[in-house]
Amino acid sequence: MNDLMNFVEQQTARDITDYDFFKSGDTVAVSYKIIEGSKERIQIFRGDVIQIKGSGISKTFTVRKISHGVGVERVFPFNSPAVASVKNLKKGNVRRARLYYLRELTGKSARVKEKQFTKKLEASLKGKTRRATWAWEEKVYK
1 MNDLMNFVEQ QTARDITDYD FFKSGDTVAV SYKIIEGSKE RIQIFRGDVI QIKGSGISKT
61 FTVRKISHGV GVERVFPFNS PAVASVKNLK KGNVRRARLY YLRELTGKSA RVKEKQFTKK
121 LEASLKGKTR RATWAWEEKV YK
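Under this note's numbering, the letters of the sequence shown match residues 1 to 142, in that order.
No lab work stands behind these hints, which were simulated from the structure alone. Just so it is clear, CB atoms sit at the ideal spot from N, CA and C, and this is done for glycine as well. Accuracy of the hints is not assured; some may be wrong.
Here are the simulated BS3-like pairs of lysine-lysine, each with C-alpha atoms no more than 30 angstroms apart in a straight line [said to hold, decoys possible]:
#, residue 1, residue 2
1, K87, K65
2, K113, K23
3, K90, K65
4, K39, K113
5, K33, K53
6, K39, K108
7, K23, K115
8, K91, K39
9, K59, K113
10, K113, K91
11, K113, K87
12, K91, K33
13, K108, K87
14, K65, K33
15, K39, K59
16, K59, K115
17, K115, K91
18, K115, K90
19, K113, K90
20, K65, K23
21, K87, K39
22, K87, K115
Have a look at the derived ranges for each label pair, beta carbon to beta carbon [what the hints assert, rightly or not]:
#, residue 1, residue 2, range
23, E9, R74, 19 to 27 angstroms
24, G37, L4, 34 to 42 angstroms
25, N2, I52, 21 to 29 angstroms
26, K65, M5, 29 to 37 angstroms
Please build the complete structure, drawing on both the sequences and the hints.
Written as structure tokens, this is what we have:
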């Protein structure tokens, strides 16, 4: 049974290397496809990642934004063909994996602080691949 599950996961898994690396607290722009009748368009959902959940093909991430004073959360599967791309706009400086406390906050207190990098550090990361950057961040920030 386990071999069958692994086979199905490998066949249905989507290549997500075109996504920018992001963690909880980062501000991202998720481009996803919307199909209306015979037309198809791409819409962008910008917000803060409040959680990354699951593993394998069932891995998801939740993005929260404030739209006209109302909090809107949307859950995106990593392997969904509807998600066109994910761009990391800002790195957040948080110490938790689940940012549920943001739901209760309003105004300026609901913002996530941005992680500051020096120019020398940014230059050293510029030529690195997604995986190398991830390994470097894990080593430094854990």
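Evaluation of the provided hints:
For the given pair, K87 sits about 15 angstroms from K65 by alpha-carbon distance, which is consistent with the 30 angstroms threshold. At most 30 angstroms may separate the alpha-carbon atoms for a hinted pair to count; K113 and K23 meet this at roughly 14 angstroms. Between K90 and K65 the alpha-carbon distance is near 14 angstroms, which keeps this suggested pair within the 30 angstroms criterion. In summary, the hint linking K39 to K113 is not supported, as the alpha carbons are separated by about 39 angstroms, beyond the 30 angstroms threshold.
A distance of roughly 22 angstroms separates the Cα atoms of K33 and K53; the hinted pair therefore holds under the 30 angstroms criterion. For the suggested pair K39 and K108, the alpha carbons sit about 39 angstroms apart, so the restraint of at most 30 angstroms is broken. At roughly 12 angstroms between alpha-carbon atoms, K23 and K115 fall within 30 angstroms of each other, so this suggested pair holds. For a cut-off of 30 angstroms, the pair hint linking K91 to K39 is broken: about 34 angstroms separates their Cα positions.
Taking the CA atoms of K59 and K113, the gap is near 26 angstroms; set against the 30 angstroms cutoff, the hint holds. At roughly 9 angstroms between alpha-carbon atoms, K113 and K91 fall within 30 angstroms of each other, so this suggested pair holds. This hinted pair checks out: K113 and K87 have alpha carbons roughly 18 angstroms apart, not beyond 30 angstroms. At roughly 25 angstroms between alpha-carbon atoms, K91 and K33 fall within 30 angstroms of each other, so this suggested pair holds.
With a C-alpha separation of about 24 angstroms, the suggested pair K108 and K87 falls inside the 30 angstroms cut-off, and the hint holds. For the proposed pair K65 and K33, the alpha carbon gap of about 19 angstroms is at most 30 angstroms, so the pair holds. Between K39 and K59 the alpha-carbon distance is near 28 angstroms, which keeps this suggested pair within the 30 angstroms criterion. Restraint check for K59 and K115: satisfied, since their Cα atoms lie roughly 25 angstroms apart, inside the 30 angstroms limit.
With a C-alpha separation of about 6 angstroms, the suggested pairing of K115 with K91 holds against the 30 angstroms cut-off. Of the pairs offered as hints, the one joining K115 and K90 holds, with about 8 angstroms between alpha carbons and a cut-off of 30 angstroms not exceeded. Distance check on the hinted pair: K113 and K90 sit about 9 angstroms apart at the alpha-carbon level, within 30 angstroms; holds. Between K65 and K23, the direct Cα distance comes to roughly 16 angstroms. Compliance with the 30 angstroms bound is thereby established for this hinted pair.
Restraint check: the Cα-Cα separation between K87 and K39 comes to about 24 angstroms, which is no more than 30 angstroms; the hinted pair holds. Among the hinted pairs, K87 with K115 is consistent with the structure: their alpha-carbon atoms are about 17 angstroms apart, no more than 30 angstroms. Hint check: E9 to R74, Cβ distance near 24 angstroms, so the stated range 19 to 27 angstroms holds. Between G37 and L4, the C-beta spacing of about 37 angstroms keeps the proposed range 34 to 42 angstroms intact.
For N2 paired with I52, a C-beta distance near 24 angstroms keeps the hint of 21 to 29 angstroms intact. Restraint check, K65 to M5: a C-beta distance of roughly 35 angstroms satisfies the suggested window 29 to 37 angstroms.
Hints 4, 6, 8 from the list above are not met by this structure, while the remaining hints are.
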